[in-house]
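Colleague: Whole structure, please, built from the sequences with the hints as guidance.
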Amino acid sequence: MSASQPCRLASNSGAGSQIDRDKPLSFTFNGKSYQGYAGDTLASALLANGVDVINRSFKYSRPRGVVAAGAEEPNAIVQLGASEAAQVPNVRATQQSLYDGLTARSTNGWPDAQRDMMGLVGKFGGPFMPVGFYYKTFKAPASMWRTYEKYIRKAAGLGRAPIESDPDIYDHLNRHCEVLVIGSGPAGLMSALVAAGSGVRVILCDEQPTFGGSLLDSGETIDGMAASEWASNAVERLAAMDNVTLLPRTTANGYFDHNFVTLHERRTEHLGDTAPTLDGRRQSRSRLHRVRTRHVVLASGAHERPLVYAGNDVPGNLVAGALSTYIRRYAVRPGQRLVLSTTNDHAYRAALDWQNAGGEVVAIADARANPDGELVERAKAAGIRIVTGSAVIEATADRKGHRVSGARIGAIDIEGFRVSGEVETLSCDTVATSGGYSPVVHLAAHTGVRPVWRDDILGFVPGQTASRVEGFSVVGAAAGLYPTGALLEDAVAQVVRALESDGIDAESVKIPDIETLREGSAVALYQVPHDKPTMRAPKQFVDLQNDVTAAAIELATKEGFESIEHVKRYTAMGFGTDQGKLGNINGMAIAARCLGQTIPQTGTTVFRPNYTPVNFGAIVGRHCRELFDPERYTAMHQWHIEHGAAFEDVGQWKRPWFYPQKRRDNADGEFESMHEAVMRECRAVREKVGVLDASTLGKIDIQGPDAREFLGRIYTNGWEKLAVGKARYGLMCKDDGMVMDDGVTTCLADNHFLMTTTTGGAAAILEWLEIWHQTEWPELEVYFTSVTDHWATLTLTGPEARNLLAELTDIDLDRDSFKFMEWREGAVAGVPARVYRISFTGELSFEVNVQANYAMQVWEALFAHGAKYGLTPYGTETMHVLRAEKGFIIVGQDTDGSMTPEDLGMHWCVGYNKPYPWIGKRALTRSDTRREDRKQLVGLKPLDAKVVLEEGAQIVLDPQQAIPMRMVGHVTSSYYSPTLDHGFALAVVKGGHKRMGERVYLPMPNGETHMAEVVGSIFYDPKGQRQNI
Amino acid sequence: MFHIYCPYCAEYREEEEFHPKGQAHIARPADPTASSDDAWGDYLFFRDNPRGVHHELWVHAVGCRKFFNITRDTRSYAILETYRMGEQPGVTAETATLAERDIERRTSDTATIQGVPS
Ligand SMILES: [Zn+2]
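Sequence lines, in order, name chains D and Z. Those letters in the first sequence? Residues 1 to 1029, by this note's numbering. Those letters in the second sequence? Residues 1030 to 1147, by this note's numbering.
Hints listed in this document are in silico derivations from the structure and should not be mistaken for laboratory results. All figures in this text were calculated on a predicted structure; none of them were measured in a lab. Just so you know, even glycine gets a beta-carbon here, dropped at the ideal spot from N, CA and C. Every clue listed holds true.
Cβ-to-Cβ under 8 Å is the rule here; a few derived chain Z residues that face chain D: (1) A1090; (2) F1096; (3) A1107.
Modeller: What follows is the structure in structure tokens.
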């Protein structure tokens, strides 16, 4: 053993199949430098260097070390990354490949895990955080929560997200195959071989860098060769086949409906903090494969279950199989003197491997009275002391609690849950335990299938319920089938059956020859009894990550929690990032014992995606930054940018919000505020002429002999008399009578209409038209096409609008021949155009619609001619002020899905006498919609002219009443009007239409109360004369 | 994520292309004025929420834009059939129960989950 890596076995030991001793690597943990080898995991490298303490625990701040060797690791969770941008929290050291320069820190621990600065919390922790502490401690007083939270977060760590942007890129890839095999242990490899042989598309994935699973460290012989060699031969054969995709370092994280599985492939996380470049291009850090497959073959294996005993969290306590993994794969023996406590034969391999690697096996405590399997015989032959009918009841720690110092073993009475004989203390530095195996049923549980308990294997297997999944097989240890020979045979049979169900003949496959060991049966033991009662014994941890003890579970059952789901939530068992992979079943067993029932009576265990944590980058893929959501630009977008527009997001559209200009009176070139710009734009429209890019309005082209009939059914008002060349405002309700959209529809020809919708509602309205047509009125011949993007809309508005447009068009704009609410076809700036004379500002307006591709030319022509008329571009904010002055509503702002046309004072737009019972009509005569105290749209005039009421502010009639006051409505739109020179608002008020002239009050959070007068909703030009000039 | 067979496109497509639109076969009363306030309220607001076989209305929103029906098992999320507007379901709660008993009988000897033959 080298001095720098005291626990690394010598190269002549023959151990260390995964490491390359010719490639030493440097890494840093908590600021200290260490050496490891290529092929190491961070955990194996830390163990090789004799690093015992990786973290401080979440609740009690106890030192914690490596417990396992894979995805189930609860303790060795680190924060990765040398730079701020590369920070990754919650990385399992057991699954993180080592690379040169790797920098990691303890996730918990302040300031670090080694120094005992958290002694205060450690001592404090017991009384401070009892079981159910979230519920008990923080119930009252609520005002103390901030204090608690700050303290707990600092103490607990929990890892942290980077505060700089992630420099890496991540991919998503859609894949399709006939057979997806999850896991590459013996059952997975065999399944893949059978499926691949039939010629169908096969994907084989495994979370580890090397395929082979348990074969990599089993001592078995398959077909006359070492198991690991058989595995690598099988992988070679698969790699040579065109129909096979091999994905190592790839975790199947979620199993979703209809055989959709997400695979998280870590492509470069073993190479560095950030992804390296290849041929000058940055590679993706990880890739999310979205796999749709005909068959899923779940070969996810089993996790060894540790026993629960006093002091089982001290560094140096590991699950037995992890020892074999560290020794055989990484040439690391993390200690000198081992005591093994087991309930089964299989764990004996760990003791034999330990001894072969030069360690001392002090004793094996076997819970069974007469263990007699072949591995037991081998241990006896190797001279190992075996103490039967016994278990490690307590692991003792050195003075600082940094490492196991001994094991107390005693004879136990499992049935009576008591220590039944003398307790002997053995000196050792490592305690390994095995309570049997838990099949990895997680993915099966994702589909909603509850695992079922099997007494014969002492574990849960994927269940079979009414909610079954098509094309799903479970093979090998995941199905609770452990002997290698039997599981290979079963895997072949299951895959052949799956292929045959699709009519595919599988090639006959020879089952390899395996030497089968005679195994003695295992005994059921979860929590080991202590010589003190559980409540008074030293802590016996069940969930190491969340610091849940056996005593906490016992207390929960004593406090009346009988459902395992409640016990879990009360104790927080299984709520860590490991989802309780090691602890949940032990916890259930303890609850079952306390409640005097069996494990299946107590419940089952459910897991949810993701199997292991996935970073956000992988989930997001390329859907970030400018590709996060599509952005839609109008044809004039570039002009808006060049003229300094501030933009507003309306759905996916970028709309000019206002156009701030340089202040004329300011030598520094300072820009107008939004308020100043909007006031200027408003005045320009009211006094001269403005232009709005209204292209984003939804436009639906409606054609067919029944188009007119359809409009009459879908709108509240009448359409039968609308002549060609005319336009009409329409109001659309849902069948509950509530307003859902509005807009102007024009009659282009007798069977051809153009409907406009709100910008945000365009897609939903198109779907709305389709659903009624397709599901209720298929007999109507009518067709709907979205033409929003095809037409650009340029709204010229203001007293000079006609004079300006006349310079550019051949259309006769005379007020008597081209009347309000009419449209004409002609050329504008040489471009074919439809011009609508409609108004959303109350001023004389022409909406010029041209093909979007020509719109920029027309827009620029308007400005070329517009200077002398004072043409001013205006944005959505000015549009809002101008329309609100006129009392024009915005559906979705002044309405909220609970407003009828009557509530809005728009009975003039409701055709009660239309022949067809149009959408919404029936509901308008329900008693609730006829109530007179419904919230109704009104105007509000603040008594203080300078006040602009807050949108959303609540309205009361009596400001003196006690809190909570009776609220009678709220403000929906509110602006300052430069034309009226005072603030004004639209609001909904209960019975508002009959409250004209009344005073209402708006109490604000700062204690101020505004006063306002209820007025009509039209503030400007109530007779509508200005649009008719 | 569902894999949905659009009966108009005659293809399986990903759920992302579809929108669910609630319970299928809700007919609008032909003469709304003849329906009582209660009956109209039922039509507007009340829907079934069965555990088991359910008929749903979906739209191939970013595909062919056609509405169609899905018969789905709300326990397993298995889609038992899809069919066009105006057609009636081939699978109902009654017929599905019979098929289920048959499957349970055939698969009860194995601990693994077997598929429903399509
Ligand atoms: Zn379709």
